[in-house]
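S.K.: Okay, here's what each chain looks like letter by letter:
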Amino acid sequence: MPESATERRGEVLGRTRRLFVRYSFAFALMLAIALLIANLVKTPNFGWTFELASLAPLALAAMASTPSIISGGGGFDLSISPLMALVNIVFVFYLAPHGLGGVLGVIIVLVLGALVGTVNGLLIILARVPPIVATLATYFILIGIDLQIASSPRELQGSTWISHLAGTVWHIPGALFTIPVPLLIWFLLSRIPYRSMLYAVGSNDATSFASGVNVARVRVAAYALGGLFAAIGGLALTGLVNSAAGTTASSYTLVAIASVALGGTSLWGGRGGLFGSLIGAITIYLLQTLLSSFQVSSSWLEVVYGIALLVAVCFGGLVTRRRVAPA
Amino acid sequence: MALMRGGRIATPAGPADAAVDAHIPLVRVTNVAKAFGATQALRDASFELRPGEVHSLIGENGSGKSTLVKILSGVHALDRGTVELGDVEVNAPRTPREAQESGIATVFQEVLVAEARSVLDNIWLGVDGLLRKRVPGSDKRARAAELLAELLDRPLNVDTIIEELSLSDRQACCIVRALVRDPRVLILDEATSALDVATRDRLFEIVRRLSKQGVGVIFITHRLDEINELGDRVTVMRSGNTVAVLDRGTWTSRELVHLMTGTDRLVQHAREESKPLEQRLGDAVLSGNGLRLHPERAAFDVTIRAGELVGVAGLEGHGQDLFLNALRGGGAVDGVVVAHSDGDEIVVGSPSEAAAQGIAFVPRERRQALFAWMSIRENFAMPTLDRDNRMGWLSMRATRVRFSHWAKRMEVVFGKDGDRITTLSGGNQQKVLIARWLAADPRVLLLNDPTRGIDIGAKGDFYTLLAQLVDEGVAVVMLSSELDEHVDLMDRVLVFREQALFRQVEHESLSRAELVAAFFGQDAASVVEA
Numbered sequence: 001m002p003e004s005a006t007e008r009r010g011e012v013l014g015r016t017r018r019l020f021v022r023y024s025f026a027f028a029l030m031l032a033i034a035l036l037i038a039n040l041v042k043t044p045n046f047g048w049t050f051e052l053a054s055l056a057p058l059a060l061a062a063m064a065s066t067p068s069i070i071s072g073g074g075g076f077d078l079s080i081s082p083l084m085a086l087v088n089i090v091f092v093f094y095l096a097p098h099g100l101g102g103v104l105g106v107i108i109v110l111v112l113g114a115l116v117g118t119v120n121g122l123l124i125i126l127a128r129v130p131p132i133v134a135t136l137a138t139y140f141i142l143i144g145i146d147l148q149i150a151s152s153p154r155e156l157q158g159s160t161w162i163s164h165l166a167g168t169v170w171h172i173p174g175a176l177f178t179i180p181v182p183l184l185i186w187f188l189l190s191r192i193p194y195r196s197m198l199y200a201v202g203s204n205d206a207t208s209f210a211s212g213v214n215v216a217r218v219r220v221a222a223y224a225l226g227g228l229f230a231a232i233g234g235l236a237l238t239g240l241v242n243s244a245a246g247t248t249a250s251s252y253t254l255v256a257i258a259s260v261a262l263g264g265t266s267l268w269g270g271r272g273g274l275f276g277s278l279i280g281a282i283t284i285y286l287l288q289t290l291l292s293s294f295q296v297s298s299s300w301l302e303v304v305y306g307i308a309l310l311v312a313v314c315f316g317g318l319v320t321r322r323r324v325a326p327a
Numbered sequence: 001m002a003l004m005r006g007g008r009i010a011t012p013a014g015p016a017d018a019a020v021d022a023h024i025p026l027v028r029v030t031n032v033a034k035a036f037g038a039t040q041a042l043r044d045a046s047f048e049l050r051p052g053e054v055h056s057l058i059g060e061n062g063s064g065k066s067t068l069v070k071i072l073s074g075v076h077a078l079d080r081g082t083v084e085l086g087d088v089e090v091n092a093p094r095t096p097r098e099a100q101e102s103g104i105a106t107v108f109q110e111v112l113v114a115e116a117r118s119v120l121d122n123i124w125l126g127v128d129g130l131l132r133k134r135v136p137g138s139d140k141r142a143r144a145a146e147l148l149a150e151l152l153d154r155p156l157n158v159d160t161i162i163e164e165l166s167l168s169d170r171q172a173c174c175i176v177r178a179l180v181r182d183p184r185v186l187i188l189d190e191a192t193s194a195l196d197v198a199t200r201d202r203l204f205e206i207v208r209r210l211s212k213q214g215v216g217v218i219f220i221t222h223r224l225d226e227i228n229e230l231g232d233r234v235t236v237m238r239s240g241n242t243v244a245v246l247d248r249g250t251w252t253s254r255e256l257v258h259l260m261t262g263t264d265r266l267v268q269h270a271r272e273e274s275k276p277l278e279q280r281l282g283d284a285v286l287s288g289n290g291l292r293l294h295p296e297r298a299a300f301d302v303t304i305r306a307g308e309l310v311g312v313a314g315l316e317g318h319g320q321d322l323f324l325n326a327l328r329g330g331g332a333v334d335g336v337v338v339a340h341s342d343g344d345e346i347v348v349g350s351p352s353e354a355a356a357q358g359i360a361f362v363p364r365e366r367r368q369a370l371f372a373w374m375s376i377r378e379n380f381a382m383p384t385l386d387r388d389n390r391m392g393w394l395s396m397r398a399t400r401v402r403f404s405h406w407a408k409r410m411e412v413v414f415g416k417d418g419d420r421i422t423t424l425s426g427g428n429q430q431k432v433l434i435a436r437w438l439a440a441d442p443r444v445l446l447l448n449d450p451t452r453g454i455d456i457g458a459k460g461d462f463y464t465l466l467a468q469l470v471d472e473g474v475a476v477v478m479l480s481s482e483l484d485e486h487v488d489l490m491d492r493v494l495v496f497r498e499q500a501l502f503r504q505v506e507h508e509s510l511s512r513a514e515l516v517a518a519f520f521g522q523d524a525a526s527v528v529e530a
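Protein sequences appear in the order of chains A and B.
Residues 1 to 327 in the numbering used here are what the first sequence lists, from first letter to last.
Residues 1 to 530 in the numbering used here are what the second sequence lists, from first letter to last.
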C-alpha cells in the first residue's frame, strides 16, 4: 500500500528530525568522523598527542565562545581570543618569572579570565551596550594590551610543567587535562539550576523574566564562564607554544565562532551546547590537517572553512525544518 | 503575615490558614497611576481582591487592565498610589520574583514559553535559585504531570520540547506554571483566549476549586460569557480609571458593555447596516476545487462569491488555518484554488499570485505583520508604496493623504501618522493593518481571527467596516474563534472538523448551539445551548 509506505517514510523523517533537533551537532559529528578516517588513511602515523595539543587552544576558544551565545539576546563574545593571548602573556611575562608558574599562577589567570568575562557581561547588562559592540571594544582593548606587553616575543622561563599540557602526562596526552575541563564544569552546572536557566533565558528572555528568573545575573555569569574557559585555553596555548607574542592575539576569534555554529549551537541563543562546539572545533581542525597534508595552500583553507560552515548550517536547518508549522 | 514569607512556593496553601484572614483583602490597590512616556496608562485605579473570590477585571484595550496586572506581577513599577498585599503595605513588588515570593502568580496574555526547553523546565522556570534547587526534581515532575493531566484531561510527556505543542497546550503549560507556585493570588490575564473550549472548562473547574481553598483570582477576559460563568465580582475599567465594582447578579452583559464603552452598541446592529444578502451577492470570485488539507481526510469544494461575508469556524487546530492559508495561495495537500476574474479562471499557486489577483490576507499574529520600529504611516503604506510614486520619487504627502482617508474611515485613533505604530493600542494597530490591505483595493479579504485581543469599541467599528466592505462587493472570509461573531455577523459559516470542511451553515440557521454541535460533529438537536 503506497499510503502506509509514505507514512513509514514520514515517520522515519520525523524521527531523524527529532534526533537532529536533540543532537544538533550530529552533522558535525558525522563530518568529524569522516575527516578523522580520511586523516588516518592519508597519514597512518597520525600523532595523537601532538594533534590533540594543537587542537586544544581552538577547542577551548570555541567552548569559551559558547555560553554567551547560548544566553541569547544577541549574546556574543569576540574577546575570547585576545583574552586567551592575555592569559598566555601574563603567565609568560609576569607570573612564571616571579615564581608564580604553579598552582597559584593558574588560579590567578583563571580569576583574570572570569573577571574580564564579568566586565563584558556588566557592560552588556548594565550599560546596555549590544554584545557585539561591547566585546568588540574589549577585543580591541585586549589586543592593545597584549601588543603593549608583548611587543617582542618571549620564551617561557620558570615553569616546566605547563609544556606537559602539550606533551604527555603518564603516557596520557596532556591536552586531555585541558579540553575536558570546561566539559566537566558544564556537566556540573547541569546539576544546579543555573544551566537550564541559561538555556531558558537564551530561548526566551521575556518569559524567563516574567517567571522570576534574574536574567541579568544569568547572562553576566555566562560571560564570566566564557572568560574562565578562555583562561584555560590560554594555559593550553602557553603549553603548546612555550612562549608568548602579542601578534597572535586575534588568531582564534572567528574560527572559534565558526566552530560554535558548525557544532549546532544556534546564534539566536537557547539551543546547542559545549560538546557541539568541541565537535565543531575538531571538524575544522581535521579539515585543516587533511588539506595541509595534501599541500593545499592556506588561502584555500579559508575558502573551505567558509563552505563547510555554510553546508553544515544549511543542512542542519533543512533536517530540523518542520514539515507543517503547528497551529 | 504569611503572605510575605519568602520561599513558601513549595508548600501547598492549606484551606485552614486561608480562613483565618478571610476579612483582610489579599490585594488592595489604592489610587494607582502609571504613565509610559506620554501615554497615561493608569490614572486612578483602585481595586480590592478578597480571599476566595474570582474577581473579573474588564475594560477595553488601553483601559489599563494589563498595566494594573503587570504592576501587581512586578513587571512594571507604579508612579503613584499604594499596593497592599495582605496587611503589609509595599510599593508593589519590584520584580516578578518578588511578586511570586508574595504569593502572586500570573498567566500573561502573551503565551510566554522558552521555546527550546522542555515542558518541565518551562513549568518550573524561575522557582529555583541560580545555585540551589528549591524544589526536588522528583516533586517537580510529579506536580507538573498531575496538574497538566487535570487541565488537559490526558497525560502529557513533561519532557516534550514545548515548541512541539499546539498553542493551546503551550498556554496550558503557562497556566500550570502559575499553579505549581501554589499562589495566594492567581492572575489570569486573557489566559483563556489561546485555550480550546474543553481545556478552558477544565481550567474553570480548577479555578473554582482554588477559590474554595481561599485563593483570590483576578480574571481578565474579553468574553462576557466567561465572566457570567465565573466571576463573583467585576471591576470595570475605562481609560485608566476603575469606574465600577459590581457583585454577582447585579450586572447584565449590556450594562457591562455600557460601562466599558459608554455606549451599548452590540454586534447585531452591524449586519443590519449592510444591504440584504440577495442585493449584494455577486459572481464567484474565488473557489477551492478538490481541496484536501490532510492526506487522510476528505477533499471538498468551496466557492466564495462577491459581497458575501463567510465565517470560518471550528475547534482550534481543526484545519481552519490551513484552509485560509490555502486560499491565500499557500498550498494544500491536494486541489487547486482558482480566482475568477471577468470570466477568466486563474490558478492561485503562491501568495504573490494571490496578491496579484486582489486577494488580501491579514494574519493572526499582529506582531508578525507589524514593522514595530516604523511609523504608523509606513506600516500602512508598505505594500502599496508604488501608488505614491510621483515622477519616480516617493511622495510622503501622497501617502499621508491616502492614510488619512483610511484613518478617517476606520476611525483609527492616533497622534501623528509619523509616530511609531507601537504607540497605538492593539485595536488601533489592527485597524492600521487592515487598512494596509484595503488600500490595495482587494476583491477578497481573508482575515485570521482579526478581533482576537482587541477591545469592544474597536470590534464594533470593525464590524461596521465589514458591513461596508461587503456592500461594496468585496468578498470577506473571516476565521474567528468567537461564536457570537459567527452567529451575528456571517452570511454563511464554514465549520471545519478534523482537517476537513464538516458543514456549511447559512445565516438563517446560525446559532451558538448549531455551531458548537457542528464543532463536535453532531446535530444541533442533540446539544444544549452552549
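One thing to keep in mind: the hints can contain errors.
[Claimed, not checked] Listed next, the stretches of chain A that the computed footprint assigns to chain B, with coverage defined by at least 3 CB atoms under 8 angstroms from CB atoms of chain B:
1) 118-131
2) 301-315
[Stated by the list, open to error] The calculated SDA-like cross-link candidates involving lysine to any residue, where the alpha carbons are at most 25 angstroms apart (straight line), are:
3) B:Lys133 x A:Ala206
4) B:Lys133 x A:Phe187
5) A:Lys42 x A:Val296
6) B:Lys133 x A:Val296
7) B:Lys275 x B:Leu465
8) B:Lys408 x A:Phe187
9) B:Lys275 x B:Arg305
[What the hints assert, rightly or not] Ranges between beta-carbon positions, derived for each pair:
10) A:Glu11 x B:Ala299: 19 to 25 angstroms
11) B:Ala149 x A:Leu188: 29 to 35 angstroms
12) A:Phe140 x B:Gly392: 39 to 45 angstroms
13) B:Asn389 x A:Val129: 36 to 42 angstroms
14) B:Val245 x A:Ala137: 29 to 35 angstroms
15) A:Pro130 x B:Glu205: 25 to 31 angstroms
The hints are simulated quantities; they were obtained by calculation from the structure and are not laboratory data.
Glycine residues also receive a C-beta, built at the ideal position from the N, C-alpha and C atoms.
S.K.: List in ascending order the numbers of the hints, as given earlier, that are violated by the structure.
M.R.: Hints 1, 2, 6, 8, 14, 15 not satisfied by this model.
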